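Residue 200 in my numbering sits at position 200 of the sequence shown, with consecutive numbering throughout.
Read the hints as simulated data drawn from the structure, not as lab findings. On a predicted model such as this, the values are computed, not experimentally measured, just so you know. C-beta: ideal position from N, C-alpha, C; glycine also. There are no misleading hints in this set.
Pairwise CB distance ranges, derived in the manner of DEER restraints:
| hint | residue 1 | residue 2 | range |
| --- | --- | --- | --- |
| 1 | G220 | H22 | 33 to 43 Å |
| 2 | E213 | D253 | 14 to 24 Å |
| 3 | D253 | G222 | 22 to 32 Å |
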Amino acid sequence: MNDNASGFAAAALPIAAQSVIHTESDGLAAGTIRLAIDGQEVPVYVARPAGQDQLPVMIVVSEIFGLHEHIADVARRFARQGYLALAPDFFIRQGDPSTIPDIPTLMAQIVRKAPDAQVMGDIDACVAWAGENGGDIDRLGVNGFCWGGRITWLYAAHNPRVTAAVAWYGKLVADPNPPGQPAHPIHVASTLTVPVLGLYGAKDTGIPVATVERMTAALGQGTSDSAIVVYPDAGHAFYADYRPSYNAKDARDGFARALAWFREHGAG
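Could you build all of it, start to finish, from the sequences and the hints given here?
Laid out in structure tokens, this is it:
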């Protein structure tokens, strides 16, 4: 495996250049593989405890900034907890987020052009690869941030074989829907069967608490044993330790809750 994550030019966007947390790869087998998916080579950062098989599988779904060093580090964090962790480069077909100078352009040129069906297929392919390469896909977790939080809710609806999922501050409602992105978590909440834990910040200006309350009510109409935690002092991207939005206290609590959620529901 190549030892590097996809390129990451932090200075191109309003984010800090240096992560607070760095997870070493000693004792891990970690690096980038390439999966052929529908005629496209998709880079996937993979991390696992070295020399071990029959590992629970964790799919790490990035934010709008794609596969960069922080996301690779999150994969290593899960690998240190005993997972075979995979973080795909979902935007490989649309472009390189690290070259985009601002968030509105990034959303318009890359993120909104990544169809949900394509993303679901990429995760399906990663799950299949994991099952053939030492992963136990009967213990399948999905963990996503921001854009990836939305995808986490949707993938849990797409693939009922997911054991458990954790969605960090993923948008729940949008109007209008971009082409190729027809559904949002609010649309699948009442029919979910997979237990999903949502982690949100009350000070997130892009995801009003009112929409989180709508989602909680919709989940209450279903049978998935899902739940949402709202951190009163957290804003958006409070887990992203390479950004000014990072909230160390709530990030630590959220990751602990995530690990406990996966263990409680059989994905650990």
